[in-house]
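Taken in sequence, the protein lines are chains B and A. All the letters of the first sequence, read from the start, carry residue numbers 1093 to 1299 under the numbering used here. All the letters of the second sequence, read from the start, carry residue numbers 1093 to 1299 under the numbering used here.
Warning: the hint list may mix true and false statements.
Which copy is meant is left open, because identical chains are indistinguishable; a pair holds if it fits in one copy or across any two.
No farther apart than 20 Å at their CA atoms in a straight line, the calculated lysine to any residue pairs in the SDA-like style are these [what the hints assert, rightly or not]:
| id | residue 1 | residue 2 |
| --- | --- | --- |
| 1 | K1143 | G1118 |
| 2 | K1234 | L1174 |
| 3 | K1101 | V1278 |
| 4 | K1133 | L1148 |
For the record, the hints were derived by calculation from the structure and aren't laboratory data.
Number of protein chains: 2
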Amino acid sequence: MGRTTTNTKDRLVEAAIDLIYARSFGSVGVQEICVRAKVQKGSFYHFFRSKRELALAAIDVLWQRLQAQVFDPAFADDVPPLERIERFFVYSAEFQRAQARVAGHVLGCPFGNLALEMSTQDDVLRDRLDALFRAAERHIEKALEAARADGSASRVDPPSAARAVFAYMEGALLMAKTRNDPEAVVTLGRSALALVTACREQSACAN
Amino acid sequence: MGRTTTNTKDRLVEAAIDLIYARSFGSVGVQEICVRAKVQKGSFYHFFRSKRELALAAIDVLWQRLQAQVFDPAFADDVPPLERIERFFVYSAEFQRAQARVAGHVLGCPFGNLALEMSTQDDVLRDRLDALFRAAERHIEKALEAARADGSASRVDPPSAARAVFAYMEGALLMAKTRNDPEAVVTLGRSALALVTACREQSACAN
């Protein structure tokens, strides 16, 4: 693709991210996205068949951004495995603070927001978000496999404990958004490791 | 109020609950609510100044319903205090199953849904939901005070542990909705008590 084509498509994706993340999927129309991206409405349908298709592209870009800014640094192996999980909450809170400085409001998890708004209305979006949550859980699971191997959590069941920790993260981000206070992620995150020790092999929570 | 007046207002509230809970706040218009409630649009503005005001009335009715169907039975003192918290997850899953049977989809927490969709867009709704979450946390906190008193969780910090358990509940309901599987609330709920033991007096998570 030439420079202009790439720029036009990218501008539409960035406009969608900014508008939908700051408000909601339903409150943002194609027209408004085009105005913000400085793109003619006719061009929109050259790149995307629908607002949903643009949302899927926006989800992919945001996911890469969250990998680079939160997941990769949090789960890097420069600290012991369980500290990576604690760091996941600290870095998530930092991401929320940075977003709040720009938007003037805690925005929460972009994927959790979309999941609760759209899951009953659009199975394509729901499936994508479900797959993405499983990829997020996989980061936690790998840290827990390392904690099992080095003996720091020798009896943990990594898959079920990872699901518990990630659900707790989504809950913490929901509370932070509702209170408009990013520090809730830090405070709640201090209990996250308790969920790890609860999910031992053959325990009740290993489903 | 006469019977007709009461019925008209109630019908609008019930239509709003059904439509908004099954989809989202933004995707449902006053016109559609009136059609479902079999009410003329002119009458709508006799009872409510705006869709937001109707939503606030719907939140109150749903809150009463959740008290009767989930909170009151879960936190009744016929079982030991910590069992009440486990039961909160079991009864919440049952509520989700019942909703899913009618709606054909897991609907999640009606308040969590609205909080993530509307918190950046409407501070009046956000404040109401924030207050309601604090009331929900208070149920958990009272059970934890009882657990402290009877020695089953003698060193727990009830306020911070209640916040952790409730955030975890919201996260579990978010995952259940995204996976379209109410059983996720049961499975994840099996780890909820771990958050209680993590929040001891003067521990890191007592903010």
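Status of each hint after checking the structure:
1. K1143 / G1118: So K1143 and G1118 pass the 20 Å test inside a copy (10 Å) and across (15 Å) alike.
2. K1234 / L1174: Classified as within; 11 Å inside a copy, 32 Å across copies.
3. K1101 / V1278: Cα proximity of K1101 and V1278: none, with 36 Å in one copy and 43 Å across.
4. K1133 / L1148: Within one copy only: 19 Å inside, 36 Å across.
Hint violations for this structure: number 3 only, all remaining hints satisfied.
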